[in-house]
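Heads up: the sequence lines are chains A and B, in that order.
So the first sequence is residues 38 to 366, counted in the numbering used here.
So the second sequence is residues 168 to 424, counted in the numbering used here.
There's no promise every hint is true.
Unchecked claim - With a straight-line cut-off of 20 Å between C-alpha atoms, the simulated EDC-like cross-links for lysine to aspartate or glutamate are:
(1) A:K39 <-> B:D281
(2) B:K185 <-> B:D170
(3) A:K39 <-> B:D170
The set of hints was computed from the structure by calculation and includes no laboratory data.
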Amino acid sequence: MKGRFGLLGSALLLCAVTSLLLGRYQPSPLEAAVRLWQGLAGHPSELWTVIVELRAPRIVAAMCIGAALSASGAAYQALFRNPLASPEVLGGLAGAAFGAALGILLGHTLWQVQLSSFVFGLMAVGMTLLLARLVGIHGIVVLLLAGLITGAFFTALLSTAKYVADPYDKLPAITYWLMGTLSSVSAHSVWLTVPLMALATAALIGLGHALNVLSMGDEEATTLGVPVRATRAWVIALATLLGTLSVTLAGMIAWVGLLIPQIARLIWGADNCRVLPASALLGALYLLLLDDVARTAFTVELPLGVLTALVGLPLLAVVLRRAAVSWAD
Amino acid sequence: MIDAQQLHVRYGQEKIVKGVQLRLAPGETLALLGPNGCGKTTLLKALCAIHAPHAGSVQVDGQDLFTLSAPERARRIAYVPQQHRLVFAYSVIDVVMMGRLASRGLIARPAADDFAAVHAILHRLGLQALATRSYAALSGGQRQQVLIARALAQDAPYLLLDEPASSLDFGNQLRLLELLAQLRDDGRAVLFTTHHPDHAFVVASRVILMQAGRFIAQGSPAQCIDRDQLARLYGLAPDHLERTLLAPHWSTHGAMG
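Chain A on its own, in the form it takes in the complex:
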């Protein structure tokens, strides 16, 4: 098992370094090393700017978002006892998408759009929890239904925002954002959010054993020593943070959170102590590779969210065929 993690980590590192060299301008490894060395010595060249200020933040963002969506997907699947749960299950991503659309509609700057997206993502999950509380029955099904209602509500708001948006200016910007892309990621926003995402992902990984127990249902988790409500609240808070930060940085990146944990379970088994770190590593590698394709395959960059759907869906069909066999009962 440790060997597989080591292999995956090495592959990720190798791909990250290789990705630094990929793009319109493709230096040789030697040239890149020399320019980077010169840059570190205080003589930055144009290549230094391309690699350090443009490509590196984007590569880090791709890896972090891939890891965040996959880890939060795996956590939600264990929490909701449903292998087909995904980060949008509590309506947070729909809220974040509406927040971004609203920000664009009001003509905000990029960081204001991102902030709006983040705030509305958290608000949407807050609404879901409040709605479930108002129903008065504690349980997973009520929470899922409340998430469905909140998601539909913010999707309707998003449609309204698109309907009233200026079709020549704002509407294309909203549509482009919703398709998901890393092209507008700034170094500043990456360095601001990455530590938060890394911490939240690490915390979710730390809760792997507790998630195993929670996936047995509330009654068994109670008798096995898990404070169910508090642990569930922590998992939802961490997974929501990861999901909304991802939308904040890159718009809607679909299917990653659903697909990657299935692959992790096929390789590492069902134990969340392994599934969570494996999902994070696999998700980072997967999104990094797809972003490389998105920015280098054609002269015009492909929206990353479209690519994750185009690649992810057939892959999901293949994986589900094998994964469904391992689902119990």
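Let chain A serve as the given structure and place chain B on it in line with the hints.
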């Protein structure tokens, strides 16, 4: 000691457990018998804090059960459920390891001593060959044994088992009874529900008969389990047991004869 006083438990407005008093002391094996739906499972769930009582109290070693933290409760009381549904294909080791969570803490990963403890328990129950098998692929009886192993992994002094023999074959039923006797001899307190009066006779130091949410009799197996008590408990006519179980033509001509 687990000490339940005037315990009332409801599901919605329906009263399931109606004012029972129960004490379970270390070194004691207590069998709870009663017809389906009489409240045995609900009582067990109230004794391990799955259900909060509507009235009355449950104390464990002098402390209110519901003021203890979840890990502290799990370190004192282990529960083996009767029915249980699994979504993910955990291995047998994964399932038994869940019993170690209360002693490791919520965010700690299982360590080498946890794996050693889990393997020792699997060995004790004769389940070591199943260790890496998928729990979902096991038979009902094997699953029941794995859940007992998980409860043992909690290393709690009080063990509550809900019909632990319901899916076991005859040989495994005997092994289970032996295990319960060993646990009693180790100084643990065991409370189990059963539909087999003979199991209570073999292993229980005390028997409680429960009907419609109330205890109707308790004492030693010899005091509580006789023809009249069983007929009363299960709503049978007094001569019903003789007519069915002891009828001579069953053994000479077979049940269909």
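inquiry  = For a quick check of understanding: which of the numbered hints are violated here, in increasing order?
reply    = Violated hint (a single one): 3; every other hint is consistent with the structure.
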